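Q: Each chain, written out:
2 protein chains.
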Amino acid sequence: MIDFNYYAPTEVVFGKESEAQVAQMVKKYGGSKVLVHYGGKSAQKSGLLDKVCNLLKAEGIQYVTLGGVVPNPRLSKVHEGIDLCRKEGVNFILAIGGGSVIDSSKAIAYGVGYDGDVWDFYTRKAVPKSSVPLGSVLTIPAAGSEMSASSVISNEDGGIKLGYNDNLCRPKFAIMNPERTYTLPKWQTAAGVADIMMHIMERYFSHDTDMDVSDNLAESLLRTVKEAVFPVLKNPEDYRYRAQIMWAGSLAHNDLAGCGRVGDWATHQIEHELSGMFDVTHGAGLAAIWPSWARYVMKEDVSRFVRFAVNVMGVANDFTDPEGTAIKGVETMERFYHAIGMPINIHELIGREITDDEIKEMARKCTRNYTITQGNFKVLKAEDIEEIYRMAR
Amino acid sequence: MIDFNYYAPTEVVFGKESEAQVAQMVKKYGGSKVLVHYGGKSAQKSGLLDKVCNLLKAEGIQYVTLGGVVPNPRLSKVHEGIDLCRKEGVNFILAIGGGSVIDSSKAIAYGVGYDGDVWDFYTRKAVPKSSVPLGSVLTIPAAGSEMSASSVISNEDGGIKLGYNDNLCRPKFAIMNPERTYTLPKWQTAAGVADIMMHIMERYFSHDTDMDVSDNLAESLLRTVKEAVFPVLKNPEDYRYRAQIMWAGSLAHNDLAGCGRVGDWATHQIEHELSGMFDVTHGAGLAAIWPSWARYVMKEDVSRFVRFAVNVMGVANDFTDPEGTAIKGVETMERFYHAIGMPINIHELIGREITDDEIKEMARKCTRNYTITQGNFKVLKAEDIEEIYRMAR
Numbered sequence: 137m138i139d140f141n142y143y144a145p146t147e148v149v150f151g152k153e154s155e156a157q158v159a160q161m162v163k164k165y166g167g168s169k170v171l172v173h174y175g176g177k178s179a180q181k182s183g184l185l186d187k188v189c190n191l192l193k194a195e196g197i198q199y200v201t202l203g204g205v206v207p208n209p210r211l212s213k214v215h216e217g218i219d220l221c222r223k224e225g226v227n228f229i230l231a232i233g234g235g236s237v238i239d240s241s242k243a244i245a246y247g248v249g250y251d252g253d254v255w256d257f258y259t260r261k262a263v264p265k266s267s268v269p270l271g272s273v274l275t276i277p278a279a280g281s282e283m284s285a286s287s288v289i290s291n292e293d294g295g296i297k298l299g300y301n302d303n304l305c306r307p308k309f310a311i312m313n314p315e316r317t318y319t320l321p322k323w324q325t326a327a328g329v330a331d332i333m334m335h336i337m338e339r340y341f342s343h344d345t346d347m348d349v350s351d352n353l354a355e356s357l358l359r360t361v362k363e364a365v366f367p368v369l370k371n372p373e374d375y376r377y378r379a380q381i382m383w384a385g386s387l388a389h390n391d392l393a394g395c396g397r398v399g400d401w402a403t404h405q406i407e408h409e410l411s412g413m414f415d416v417t418h419g420a421g422l423a424a425i426w427p428s429w430a431r432y433v434m435k436e437d438v439s440r441f442v443r444f445a446v447n448v449m450g451v452a453n454d455f456t457d458p459e460g461t462a463i464k465g466v467e468t469m470e471r472f473y474h475a476i477g478m479p480i481n482i483h484e485l486i487g488r489e490i491t492d493d494e495i496k497e498m499a500r501k502c503t504r505n506y507t508i509t510q511g512n513f514k515v516l517k518a519e520d521i522e523e524i525y526r527m528a529r
Numbered sequence: 137m138i139d140f141n142y143y144a145p146t147e148v149v150f151g152k153e154s155e156a157q158v159a160q161m162v163k164k165y166g167g168s169k170v171l172v173h174y175g176g177k178s179a180q181k182s183g184l185l186d187k188v189c190n191l192l193k194a195e196g197i198q199y200v201t202l203g204g205v206v207p208n209p210r211l212s213k214v215h216e217g218i219d220l221c222r223k224e225g226v227n228f229i230l231a232i233g234g235g236s237v238i239d240s241s242k243a244i245a246y247g248v249g250y251d252g253d254v255w256d257f258y259t260r261k262a263v264p265k266s267s268v269p270l271g272s273v274l275t276i277p278a279a280g281s282e283m284s285a286s287s288v289i290s291n292e293d294g295g296i297k298l299g300y301n302d303n304l305c306r307p308k309f310a311i312m313n314p315e316r317t318y319t320l321p322k323w324q325t326a327a328g329v330a331d332i333m334m335h336i337m338e339r340y341f342s343h344d345t346d347m348d349v350s351d352n353l354a355e356s357l358l359r360t361v362k363e364a365v366f367p368v369l370k371n372p373e374d375y376r377y378r379a380q381i382m383w384a385g386s387l388a389h390n391d392l393a394g395c396g397r398v399g400d401w402a403t404h405q406i407e408h409e410l411s412g413m414f415d416v417t418h419g420a421g422l423a424a425i426w427p428s429w430a431r432y433v434m435k436e437d438v439s440r441f442v443r444f445a446v447n448v449m450g451v452a453n454d455f456t457d458p459e460g461t462a463i464k465g466v467e468t469m470e471r472f473y474h475a476i477g478m479p480i481n482i483h484e485l486i487g488r489e490i491t492d493d494e495i496k497e498m499a500r501k502c503t504r505n506y507t508i509t510q511g512n513f514k515v516l517k518a519e520d521i522e523e524i525y526r527m528a529r
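Residue numbers (the working numbering), protein chains in the order written: chain A, 137 to 529; chain B, 137 to 529.
Just so you know, the hints here were simulated from the structure itself, not pulled from any lab data. These figures come from a predicted structure and were not determined experimentally. Idealized CB from N, CA, C, for every residue including glycine. Wrong hints could be hidden among the right ones.
To be verified - Just some of the chain A residues that point at chain B, by a computed CB distance under 10 angstroms:
| no. | residue |
| --- | --- |
| 1 | 139 |
| 2 | 143 |
| 3 | 185 |
| 4 | 186 |
| 5 | 189 |
| 6 | 350 |
| 7 | 353 |
| 8 | 377 |
| 9 | 387 |
| 10 | 392 |
| 11 | 395 |
| 12 | 398 |
Claimed, not checked - In silico DSSO-like pairs for lysine-lysine, Cα to Cα no more than 30 angstroms straight-line:
| no. | chain 1 | residue 1 | chain 2 | residue 2 |
| --- | --- | --- | --- | --- |
| 13 | A | 164 | B | 261 |
| 14 | B | 308 | A | 164 |
| 15 | B | 164 | B | 181 |
| 16 | A | 265 | A | 308 |
| 17 | A | 308 | B | 163 |
To be verified - Covered stretches of chain A, as calculated for chain B (at least 3 residues, CB under 8 angstroms):
| no. | region |
| --- | --- |
| 18 | 151–162 |
| 19 | 338–349 |
| 20 | 354–363 |
| 21 | 378–384 |
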């Protein structure tokens, strides 16, 4: 295990009545002029946007609204938000939605006090010195952005998707009402679960294996989510299991599962290029890549894949055949992905095989990428990444 | 499951080199005039106190020191600390030690800005409106005070031990170097583990049982600690397992394991009276009480005790005999306590049986107690508590 810092200061307000506290929470954390930032029509249709605005009004808190954030949130929208915040003198950002809206809010928060282009932070040209405080009313459990230090933005110019992590942008609070996730379609529910599990798995597949607390917590969270998804797909209004997925989604990415080790994050990085090029759902993209990544890197530490197979996927350990047990773990994961409606390769994801040129282009982008690492479990060069795309084709 | 708030903002700096960051951390959280608060001679003998003071000096941070905090920390010492802080204009408290020092620091932090006696907060006569910010360099993993909202103080006048919980006093940072726990004697190591496990178990034995994330995390932490203690008792300088116990100790009491349910806390309350009267080691007192509490309340929900037996204690589930399985779980816990050198009843703890008068006295104090609850798993009246003391005699 390695030395670590753990810092997850976000105040979580969780439960059926949680939204009622939104105005008090904004006030508590200093908000008096708020940007209410949201995505598409669902926040309007569900009445959540109106409810939140009315609560702010009743508490005498001024606000402006900005909607239209899309999945794989765009830099142009971030620029629009920064301009609006400056013009209106916004001192708090309230995100209503899922990871895209929260990630976009974080980018706006960095940008307001910065003279240059906020994209500089994502390309590592500059480091933010300030960030407007923000909080969220979460409606999609997946990205874990509600408690995390990370933000991922897509620049339309060149189709580049980059992430930037900084404790500066950790949200002050997260309001989570599992009932707000009842209307999530099956596809989005399942993709969210794939994303949540991958946030844990990226931390779990590590060569720093002597961190028992983190390993055992990670396995426990993975098993919990894996079991919670089926009741929810059957009955979208199952409060108990919607709640498990929602809370696990935050714990999956607030660093709890990663303490004491370096994560891998290659699957995320390989998927980012897929999203950048084909604008696919992030969680589904991860499911399409992971089995190929797993097979390609397995030899780096078969024992870790055996542990995953046995402790997470419930595979019987064949002590005479570690490789066989490890492979069964990956196959069981593939069956799990299929069972929840997720793809296990790229042609299932986008409806066709990707071309050699596309593979080369994505691998090239991936390796000049500034995000996270290029794989700690196995360091990946461009030709390795090409091979993984080819296996996942 | 019930609605919940989760707020654990403490910044954790964990590892071999962690102490080196103490001055930067104090500065980061606004400390310029620091009370360095510690317990007995071990902080001096180990050189830790000098090291910390030198680091503060090197960073130009002024400080005063106050030592002499004892286990079951005394109100009189708290008063001394409050006077010193006021006289010296202290704006940050740095606790060096374990739960006693940190709990005492929290009490001082509440008291500095309050006109009346700080004991008023513990007796629920008043609510603190401010708290001097504090941080810690942890040397004893047990109480979990380094990330928690709780503080327990003993008033020598009447031998009353009371706790008070408030997010106001959540420490700003916790510096944890497992190497600093190498010199802990076996008894204290084991008592710490008993305390850590009990913080989880108090949250686990609840009638709000449909919170799978919390249940599974709780079981995972319990199993991790239960396995980590033996290598550490054998080799006190086993970094890996010292680290697991230290980190689990913080997670056991920062509320993670309790999200979505009401805990029980009766064992803690019953033990507090034992500590108040006999000044015993808290963790050992908990071990002496829990088996009797468990047998007394088991009928309230046998299935929970079966789950504990199977998932935590590794008992084979006899599906035809839930009560038998549940009892085996308690017996296995007793064998575990004995294996790590802990008592399983009061005469093993204090060397004699307690008298009927002492039982009556403790039960009386316990039921007019202001701390926590009087048992959520089973509401306990004075006669119930007497019976538990009698069973544990």
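Q: State for each hint whether it applies.
A: Right, here's what the structure says about each hint:
For residue 139(A), the interface hint holds, the least distance from its beta-carbon to any beta-carbon of chain B being 3 angstroms, beneath 10 angstroms. For residue 143(A), the suggested interface contact is upheld, since its CB lies about 4 angstroms from the closest CB of chain B, less than 10 angstroms. Using the Cβ-Cβ criterion of 10 angstroms, the hint placing residue 185(A) at the interface with chain B is not satisfied: the shortest such distance is roughly 22 angstroms. Annotation: interface hint on residue 186(A) violated; nearest CB of chain B at approximately 22 angstroms, more than 10 angstroms.
Of the supplied interface hints, the one on residue 189(A) is violated, with its beta-carbon coming no nearer than about 23 angstroms to a beta-carbon of chain B, more than 10 angstroms. The criterion of a C-beta within 10 angstroms of any C-beta in chain B is met by residue 350(A), whose closest approach is roughly 8 angstroms, and the hint holds. The interface hint given for residue 353(A) holds, since its Cβ lies 6 angstroms from the closest Cβ of chain B, which is under the 10 angstroms cut-off. For residue 377(A), the suggested interface contact is upheld, since its CB lies about 8 angstroms from the closest CB of chain B, less than 10 angstroms.
Nearest Cβ of chain B to the Cβ of residue 387(A): about 7 angstroms, under the 10 angstroms cut. The hint holds. The interface hint given for residue 392(A) is met, as the beta carbon of that residue sits about 8 angstroms from the closest beta carbon of chain B, less than 10 angstroms. Against a cut-off of 10 angstroms between C-beta atoms, the interface hint on residue 395(A) holds, since the closest Cβ of chain B lies about 7 angstroms away. Against a cut-off of 10 angstroms between C-beta atoms, the interface hint on residue 398(A) is violated, since the closest Cβ of chain B lies about 13 angstroms away.
Between the alpha carbons of residue 164(A) and residue 261(B) the distance comes to roughly 25 angstroms, so the proposed pair stays at or under 30 angstroms and holds. Straight-line distance between C-alpha atoms of residue 308(B) and residue 164(A) comes to about 18 angstroms, which keeps the hinted pair within the 30 angstroms bound. Simply put, residue 164(B) and residue 181(B) have alpha-carbon atoms about 28 angstroms apart, close enough for the 30 angstroms limit, and the pair holds. The hinted pair formed by residue 265(A) and residue 308(A) meets the criterion: a straight-line CA distance of about 17 angstroms does not exceed 30 angstroms.
The straight-line distance between the Cα atoms of residue 308(A) and residue 163(B) is roughly 21 angstroms, inside the 30 angstroms bound, and the hint therefore holds. Residues of the region 151–162 of chain A lying with their CB closer than 8 angstroms to a CB of chain B number 4, which satisfies the three-residue condition for coverage. With a threshold of 8 angstroms between beta carbons, the proposed coverage of the region 338–349 of chain A by chain B holds, since 4 of its residues qualify and at least three are required. With 6 residues bearing a CB less than 8 angstroms from a CB of chain B, the region 354–363 of chain A meets the requirement of three and the coverage assertion stands.
Interface restraint, the region 378–384 of chain A with chain B: holds (4 residues with C-beta to C-beta distance below 8 angstroms; minimum three).
Hint compliance for this structure: hints 3, 4, 5 and 12 are broken, all remaining hints hold.
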